[in-house]
Structures are given as C-alpha cells and as structure tokens.
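Chemist: In order, the protein sequence lines correspond to chains A and B.
Take the first sequence: its letter number 220 is residue 220 in the UniProt record's numbering, and every next letter is one higher.
Take the second sequence: its letter number 363 is residue 363 in the UniProt record's numbering, and every next letter is one higher.
No wet-lab data here; the hints were simulated from the structure.
Every value quoted in this text rests on a predicted model; they were computed, and no experiment measured them.
Check before you lean on any hint, since a few could be wrong.
Just so you know, same-sequence chains aren't split out, so a pair can sit in one copy or run between any two.
Claimed, not checked - The calculated lysine-lysine pairs, modelled on PhoX-like cross-linking and capped at a C-alpha distance of 20 Å, are:
no., residue 1, residue 2
1, K77, K502
2, K71, K570
3, K644, K404
4, K275, K210
5, K317, K404
There are 2 protein chains.
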Amino acid sequence: MKKSEDLFKQDLPSSKYNKSLQSLNLHPLSLISDMASQAHSNVEEGETKEMDIRSLSSSHHSVYNTQYLHKVGVPPKQNLFREFTATVKETFFHDDPLRPFKDQPRSRKFILGIQAIFPILEWARGYSWRKFRGDLIAGLTIASLCIPQDIGYAKLANLDPQYGLYSSLVPPLIYAFMGSSRDIAIGPVAVVSLLLGTMLSSEIDPIKNKAEYRRLAFTATFFAGITQATLGFLRLGFLIDFLSHAAIVGFMAGAAVTIALQQLKGLLGIKDFTKKSDIISVMNSVWGNVHHGWNWQTILIGVSFLSFLLFAKYIGKTNRKLFWVPAIAPLISVILSTFFVYITHAEKKGVQIVKQIEKGINPSSVDQIYFSGDYLLKGLKIGVVAGMIALTEAVAIGRTFASKKDYQINGNKEMVALGAMNVVGSMTSCYVATGSFSRSAVNYMAGCETAVSNIIMSCVVFLTLEFITPLFKYTPNAILASIIISAVIGLIDVPAAILIWKIDKFDFVACLGAFLGVVFSSVEIGLLIAVTISFAKILLQVTRPRTAILGKLPRTSVYRNIQQYPEAAKVPGLLIVRVDSAIYFSNSNYVKERILRWLMDEEELVKAACQPTIQFLIVEMSPVTDIDTSGIHALEELHRSLGKKGVQLILANPGPTVIDKLHASDFANLIAEDRIFLTVSDAVSSCSPKLVEEV
Amino acid sequence: MKKSEDLFKQDLPSSKYNKSLQSLNLHPLSLISDMASQAHSNVEEGETKEMDIRSLSSSHHSVYNTQYLHKVGVPPKQNLFREFTATVKETFFHDDPLRPFKDQPRSRKFILGIQAIFPILEWARGYSWRKFRGDLIAGLTIASLCIPQDIGYAKLANLDPQYGLYSSLVPPLIYAFMGSSRDIAIGPVAVVSLLLGTMLSSEIDPIKNKAEYRRLAFTATFFAGITQATLGFLRLGFLIDFLSHAAIVGFMAGAAVTIALQQLKGLLGIKDFTKKSDIISVMNSVWGNVHHGWNWQTILIGVSFLSFLLFAKYIGKTNRKLFWVPAIAPLISVILSTFFVYITHAEKKGVQIVKQIEKGINPSSVDQIYFSGDYLLKGLKIGVVAGMIALTEAVAIGRTFASKKDYQINGNKEMVALGAMNVVGSMTSCYVATGSFSRSAVNYMAGCETAVSNIIMSCVVFLTLEFITPLFKYTPNAILASIIISAVIGLIDVPAAILIWKIDKFDFVACLGAFLGVVFSSVEIGLLIAVTISFAKILLQVTRPRTAILGKLPRTSVYRNIQQYPEAAKVPGLLIVRVDSAIYFSNSNYVKERILRWLMDEEELVKAACQPTIQFLIVEMSPVTDIDTSGIHALEELHRSLGKKGVQLILANPGPTVIDKLHASDFANLIAEDRIFLTVSDAVSSCSPKLVEEV
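Bound conformation, chain A alone (with noise of 0.2 Å):
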C-alpha cells in the first residue's frame, strides 16, 4: 500500500511545467496534434490519433504520463425535478406520445385527441377504391377462413358454436375504429379458447351449468378487456414483454399439440373423452376407447378432409400466388361434408354432428356479467390471465406486420383498442377475442390495406348469422376437428425453436420448459414456467454479471477482452478487468470477490513465471452504466482489500452516472481523482512509468 503511494508521489513535482501550459490549454501534445489537423484539409474528418510521444522524444516520459488530454467529465448536476420527470418520461412516455400535439391551437389538439383513440377518422380520408378493392378481396377471404375455425374454437372454449361467431362480428368492428394495425384480423384464436375453456371449466361444469357456465365467461372477458385498457391505459404496456419469444414460442406449439390431440375425440368420433388436457390422459382416452368407441365412418369423413386441408396448405406454402386456396379449403370442406353427411343420412351411423346452432345476431349480456360475489374474483383472476395473453399475441402480431410493412404501431394505443373491443365483446355475447396469427398472415397476403377487411369479414359474418347457420346443422364434428388441427399446426415454429437453440441455450430451456408444461400438466402451468423461467434468466444477468481480462491489441491503443482477441496481450505488473454491468446491490458483492479471484488467479500465474508482481489493478467501468449505494461499498471495501495487498485501484471511463455518484458518495476523492481516467490506454501509460523505476 504505502509503496505504491510513495511511487505515485514521486511524479507529482515534475508535473508542475505541464500545468502551467494547461492553464493556458496549450498541452504539448495537443500542440503537435493541432498542428498535424490544421495541416489537414478536412478537420471534421481528421482522425488525428494520439500519437506516441515517446518515439519522438523519450525525455519527454513523464509529461506524457500524468496529463492527459481529456479528463472524466462530470455531467452538470441536475434538478432533483427534472431528473425525476426525465425518468417517469423515459420509462412511461418514451414513444412521446405528445409530439404531434405541440405547438397546435387548440381547436387542433381537440381533433388530434379524437384521432388518437380513434384513428379511423385519420386515414379514413385518404381512403380510396383501390384500397377498397384490396380490403374487400381479403375481408371475404379471411371470412371465410373464420367462419369453420369459429365453430371450432367456441367448441375449444366449451361454449355453443354461435358464440365463436358472435366474437367475429362485434370485436373486429370495434377494432376497425380504434385499432392502429393494418393488417391484424380480429375474432376468437385457438389458445386462448382453450386457455379460457380449461380455467372456466375448472371453476364451473360447462355441461351441468350450463348458464353459469357462460355468464362467467362473459364476466372473465369483461375482466380481459378491462386489464387490456387498464394496462394501455396506465402505459405499463411493457410489462407483457417479460414473456420472452422463447417462452412463446413453447407455450404456443405447446398448446398447439394440446389442442391438436383433444380434436382426436371429434375425428376419431369417440363420445367418452377426458376432460383434462395433458398428453397422458389424453392417450388414454384415446387408446382405452379403440375398441368400442371408435367410428369408422367420422375417421373416414376427417381423415379424408384433414388430408386435403393439409394438401392445401401445402399448395399455399409452396406457391405463395395460391394462399387462397388454404384459406377457401375450409370452407368447402364445410360445404362439402355437410352435403355429403345431408344425403347419406350419415348422423344416424354414429357420425356426430353439429345439430343446432342458434339463428340470429349477437343478444345482448350486460345482465349476464357477475359484477358481485363469489365469482367476479374467478372471473377477475381467468379474465386477467386470459386478457395477458390475448394481449401478447396481438401485440406481436400487430408488430411483425407492422415492421413488414414499414409503419409504427403504437403499443399503449392498441392495448387501450384491444381492451374496449373485449369491454364492448363482453356485453354482446362475445368470448375474449384478440389478432389470430393465422388468419392476420392470410388477411396480409391477400392484399388487404386498411382494417376496412375486418369490417368486410364482421358483414359476411353478420351474413352469416342471419341467413345460413341453419345449414350447419349437418356439418360434422369430424371436419371442424380437422380444421382446427390443420389451424394449430401452424402455431408448431419448429424452424424458430431451432434458431433459439443455436442463439441461447438458456432461451431454449425456457422454450422447452413452457412447451412440456403445456403438453404434460396444463396450460396454466406452461404459462408458470414460461414467465418463472423468463424472470430467472433476468435475475441471473443481474446477480451474476459477466467480467473480463483485458489485454492490449497489438499496435494500438485498444484494449479488449482476451477470450475474445487471443493476440491481445497483458501488460505486466497491471491487471486490467472490465466489469459488465450495472453494479448494484443484486451483484455488488459478487463483483467486488470475483476481481479479487481474478487478481489471485492472476497474481499465481504471475508467480510461476517468474513476472514483476501486480502493482495496479485497472476496472474498466465502460459498460457499467449505474452503481448504487450497496455497489460503492463494494467498491470501498474492493479498495480497502487492495490497499492491504499493495496493489493500487484505478477506475477507467466511468459513465455520466457512475462519476456522479463517485463524486456525491466522495469515492472519487478516496481513490483520489487523479486514478480515474478517460481510457483504459490513459490509465496504462499512467502506471508504466512507476512499474519501470520499480524493475
């Protein structure tokens, strides 16, 4: 310790000649370089390098050593009001959602308000006949994509087939005036079907309460929609990006392959079905039932439609001018099997059917929401945990087409969107709707430019429920079965499975772990493991950061990692470390022993071969953006320890943040000021002239 002063003492006197040039900012140095850049026709452009001032003139060492060109600067301090404000700004308003709203009259800001919640009213103006050319074309596409996975999905989230209608014909509505997708298509998706059926049916029995059933579905959609806009609304959009990609992409090939395997009650035509959803019952169920529970005649029906559904996904994949034809596939095998099963009389051989279906739009079902007692808290509970994933799923959604399309969604908007349209849903007979990935690819691929096709789908479907549903009572089960499996097919990503295998093992843990929670527990406890295993890897970044030995790449003044560049060297006697992260109370004490096993490492290795003994022990603070108060005693204590060992701390480059703290916690004055640097390079040469008198 008292070395190691005494030779940073020694320096001092000689320096007394560069400060007097200081003061008038006339450095030696600077100087040279100021000369070489006029010399130089474009300064904006003049890279002038530190040069070596040695190899110009050795005797001129020491003056080169103990002043550098820049010092750490300190950032101005800050009002206590401001810094605050610039925080809450920077957290909740960072898209300055006020932009277009400065500096307008007021008349204006009115206008700009309404058009904000409903952007309708902007582009409506510059709609055109092309673009209604366009949203027509896949408006009736897409509706007729929904109108056979509707059935389906209502089936999924154990209520009668016009309920899944119903949610296709208020909520894309809502949507269209509200939302700030072009391309989302809006109506009842597979997992969150069947994420509501398994949460509401383990509250109530879907077949013995019927009634209850469903009012309680309607209370929990209510209670989505309203954790939507809550959630917009509050700007805490951000939270729903805790679920990772990769815990999406598991939970939703999981629930894929859940729902997949619970079709196999309606296309293999067995009545004595399982109730739970994991794999293992299922399989059960299925094989228990081979004998005597399996029709022939509804396997024949499915697997014959499920082929062609599947062929023509395969036509739709392989030629990209002919996605219609996956899209229209449905839809005629509706038509098809129907008539079929119409003429043979086929219900009557044990083929099931869909037997009624109710007539007639949307009824109304304020009454209906349990807005007291026991079940408005299950409904909250299901309707939160419903509207969260509804949510991540649209958002994403919403987003990939967006950044395909090259315009801006506004996250906070298009949740407050999302939520009126489930609020209003909840009132008309509608279950939780959200943007399908299915159908929103469909939508975009037939042309569509405006969320004009969502009021084109919400009409043919209007169509629908007035005049036609009477003729799917003989559509079999069979087909929507297959329908469905055909749908969730596509939520199976394998291809980004494998990429997340090869970017981040830790990623694809998480991935595996929702996929299998799904398939052999439940999809709630998928959903479990999903979001514990995203908040893990978060905690594990911030408990145990990454830290590294520098070396200096050779002719330069760089110095990097030197795992990463093997011909980056050491320099002898100096021990450079680069912590990468924040140091905070989470992680400052496994900073502050983890340099300290470095430096033992290191001072052993320096041992055997016989080297001069660490001197100096460099942190290297570039990427430590924030310390707190836990993170500057870990740095006093690091001192301390140091200073027992007669090795010498020296801080390079810390940030705008960091240096303020050093200076408020008077840090900065205990290590002394003049062992914080501006580059690593900076620090270095400060020490070598100590460690060559030493040798």
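Following the hints, put chain B in place on chain A, whose structure we already have.
Modeler: Same frame as chain A, now just chain B:
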C-alpha cells in the same frame, strides 16, 4: 438503401492490393507502426497509437479506410457441456469452494472436508494465550450486554424471559464450532424478535394459549434453521442479496422505531396496551392512558436509567477507548434498579417487575416442535421469513467485520453454520438467534480474536441461568424497556439514509418505503414493500436501459457520450448510438424504438441546420454483454427500418457472446461482416470517405 449499398461497392475493387498484403500479414499501416515500435526500446510499454496515415499521404485514402488492424474476434466454438458447466460454476460456485481440495491425497481431503464443516479445527491449532486474553475480555463484555438485552428481547417475541437467555447459551456454542466469522456475536436480536412476535401472535394468542404459542415458536425456529442451511447447502446464498442495502436501512430504522414505541408500555407503566405495532395504534394507546394508566414511579425509574444509558452511549461514541462504558451500563442499571426496587418495595406501588424467571439451563424441546398438523405449515411460513431476515442481518455483519480485518467470509458455509445452530437451538428451547449488530460491534472493539468470545459469553450465560436468575425477580420492566430503547436507537442509521439520498433517489424511495411500511403498518408489510421496490428497480434497469449519443473528443480517436463530455463533437452524416445493456426480450423493442427515435430527432436537427443528411447509424455495442433471440429480431427489424430510410446500420465492438450469436443467427451475414468494426473510430473512418464523395 440502394444508394448507400452502391457506395459500399465502389470501394471494394480498390482493396485488392490490400488483400494480398494482408495475406502476408503485411499491412501498410502495420509496417509503419512495427518499425516505430522496434525503434522504441521497451516494446511492452510502447503505446504506439494508430497514426493518421492520411496526414502522411492522402492518396492512401481508401487503403486506410477499408482495412483495419484487427477484426472483431469470434471466440472459439465451445463444447455445449463445457459451456453449461462454466455457467453453473460461475452462478453457484464462483468462489471455487473445492480449490483447496485440488491435487491432495485422499486422507488430506477428508481432513480438509471436516475442517470445512468445523473451521474451529483449523484455527484452534494456531490458538494462543495472547488471543485468549482478547477473547476473554470481549466475551465478558458482550455477556454483560447480552443478559439484560436477552430478557427484554424475549418479551418482544412474547416469550418468557428465560427463553432469551437460553438462546444465548446453545446457539453461540454451535456457531463457535461451525462459523467462519471471528467477530460476530450470536444471540437473539431485536428485529427478529419483533418479527417473530408479530407473526406468531397473529396465529396464536400468546397469553391465552401460552404452550401452543411456544411450540409454534420452536417450530418456526426449526424451519428458520432448515431454510438457512438449505440456502447455504444449495448455494443459493445470493438470494439474500436481493434485499437491497437501502431497503435494509429503511426496514431496520422502521423496526427500531416500532420497537422503541412499544417499549413505552414498560417505560410508562401502562397495563392496558394495544397489541398492534403500527404507530397510530400505539400512540392512541399511549395518550389514551395518560390520565389513569401512567405510573409516575415507573416513569421516574425508567426515564432516569434511560438517560444514564444514553449518556453512557454518548461517552462510548466520543471516546472509542471507553467503548466498555455503554457495554456494561445495562448490567449496572439492572443491578442498581433491582436493588432499589427490592429495598423500597416499589412493586407494591405499581412498578411492574419481571416477577418470575425460571432457574436452570435449557430443557429439551424436541417433542414440542410441530411436525404435523395445521401449525406445521404456519410454522414453516414464519420460519422462512424469520430465517431469511436473520440471515440477512448475520451475513451483513459478517461481511462488514471481515472486510475491516481483511479476512474472507464464505457466505454459503456461513449460512449452513447459522442454520445448524438454529436447528439445534429449536430442539433446546431457543428461538431464532442470529448475529447482533450492537453486540458484534462491542465484541470487535473489545478486541475479540476468534469465536472463543462467543464461548465465553455462553459460559457466563450458563452460570447466570444456574445461579443468578432468581435475583432478576425484582428487576423492573421499565429498565428492560430503557435497555431495549437505547439498544435499538443504534439501528436508526441517519447518515446512511442521507448518503443513499445523495447517491440514488430511487434507492431512497425503497428505504423510505420500507421505513414507512414498518412504522405505519407492520414489519411484514414493510418487508414486502422493501422487496417489491428492490425488484422493481432491477426490472426497470433491464426494461429501460440507457442509450447515449456519442461524439468525438477533439484531437483523439475516442468517442464518448456527448452529455457527459460537452466538448465531444458529432460527426456530420453519421449518428453514433451506444446501447448500455444486454439486449434481451424485456428491452429489445424499447432499444429498437429508442434508436429510431434518436435518429428521428437527429434528422430533424440536421434538417433545421441544413447539414448533410444522416447516412450511417453506428451502434456502439461495447456495453451490450449479451443478446437473445428477441434482441436479434429487434436488430433485424432495425436494419430493415433503416434500410427503407436509406440509412446504413454499422456495429462497433460487439463482445464475444454477442458476435457469436450474430453469427449463429446469420445476422452478421445479413448486414455484411465488413460492417462490424473493432472500434467506433474504425467504423467512422470506413464511412467518412463515402460521405465525402457524396457531398
């Protein structure tokens, strides 16, 4: 997009000459600097900077700009198993606990293993009479402090006074054999006693069901020990780091205020006192009893001895050598006041006394622990919370004093020791014991050398229990109250709170939240607030990382945050953004949008000033320590959005993990590998000539 790509291609043909040079490892620049460094005597020290070749000859323009000394290093592909073990090791075994076992014969390994569990076997061999003298004095001092405190703390936990003494007999002995701290003083502490008292009495009434209450206390103690040992054994010790320093400061101060307020009951001689611990109930209780509840004799005794204790504390603070004055003051108070009450028979005038205190040492309580039934789960829950808090306190103390004397504390081993001590304690009629702040400080100042001071203390407590306890019969409760008040005042650390305020406002909110939660509601609520705010801070950090615009420091090749260094100048036609965090699913969207917003802001500025438009966006990746699938997607989307605007994306200095993943995901090929540079300065020089040609 197209334009800037063309610009890139223009340069490629001219680099043929360089390639041939490079294949020989002969770069025009490296030749020059090699010569320069050979000319210099000390090669290691030679800080040969990259010189601006253009100042030598501007005709070499494109030569300089397309070839750089070093490429971004891609670390060698790691074996999956190796990568996995490395991560596990760094997460759970970063202290390398098996290091001393390496390359040892089997018998030695066995001895080392035993020593690892019982460190006493290691340090006892070097024990000397000189050390014993220190330990003896320290042990006697802390014993004189602990006896009156223990009796008081037992009352905080709603237990009979002897249980406090029991807990200072067995646990310190166990700790002395297994613990690794030399300075910690083990026994019951105020905050844990209060926490236990509050949580237990919300389950069982401590007066009506005394026996069951005590059984639940032992059950909770047992599970507290199990929790501590398990955390240590599974090497999950880092979990306690999630309670931030700031939160602990607030929590401790709040608990101290709560405890002090509750002592008003004893100090004022109030019989009818509230059971709630929040300040409002307590104050109501105190002032509601002002007319017929207060007892002036009690107040006289209490206040005069409290003044004496506080005065002793003041003496100890002003003169560090007189540390023993406050340490023995409590015992003196007890002796004096007991004698006084005995001769004046003040107990007949309403002065409440201890009345009864069991003689003899700890009875067994193995059969009292609930191993089944309802109370098992309740005891488990209370035990986990109390165990974690006790652990936090003990580990903080251990670390503080270890750092003062510069020895290492092994956190996980320490937890196993504390856990074992509480498990044994729960079977010998002790409640949760841990390290005490005040007694450990006295222990340290009295010159303790090893854990033998704990053994001495334990012996004194043994003698007390065997022979002296009946004498405590006449000790007035008011004295115990004043001893507790004077002890807990030390837990209110105002300077620490001020420092927290100075360093980090968010930390201060956590501190204040915990304080107010404890004072106005209960210890549990305060704890919950502290943990929640601590977590919120971590989540905020990973959700909204900082970004900064970089500029070039004049006359260097160093690029720094322009807010921190106002002299740093932006390069026209370029925007350099630094992202200050790993890019994960939780922030990938924010990072992308924030960068685009920086670009938008900059473009507006540039337009207003009629400067050249932005053609290149350089993202400085040095602080980006990791990236996941969502992060890669965000970069892809950023690349696409920029492409549509005709802005070229360039990356500078990605770390080893990041460059690895950029390659694995093919993003490196997407943006073209020659747009990834070692330094910002390299990246800028690659853009500059193209900008010039444009203008």
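Chemist: Does each hint fit the structure? Answer for all of them.
Modeler: How the hints compare with the structure:
Proximity of K77 to K502 under the C-alpha cut-off of 20 Å is restricted to the inter-copy arrangement: shortest distance 12 Å between copies versus 46 Å within a copy. For a Cα distance limit of 20 Å, the shortest separation of K71 from K570 across copies, 19 Å, qualifies, whereas the shortest one inside one copy, 25 Å, does not. Only between protomers do K644 and K404 lie at most 20 Å apart by alpha-carbon distance; the minimum there is 11 Å, versus 60 Å within a single protomer. In this assembly of identical chains, the alpha carbons of K275 and K210 lie at most 20 Å apart only when taken from the same copy (16 Å versus 49 Å across copies).
Taking the shortest Cα distances, K317 and K404 sit within 20 Å of each other inside one copy (19 Å), while across copies they are farther apart (69 Å).
Violation of the numbered hints given earlier is absent; every hint is satisfied by the structure.
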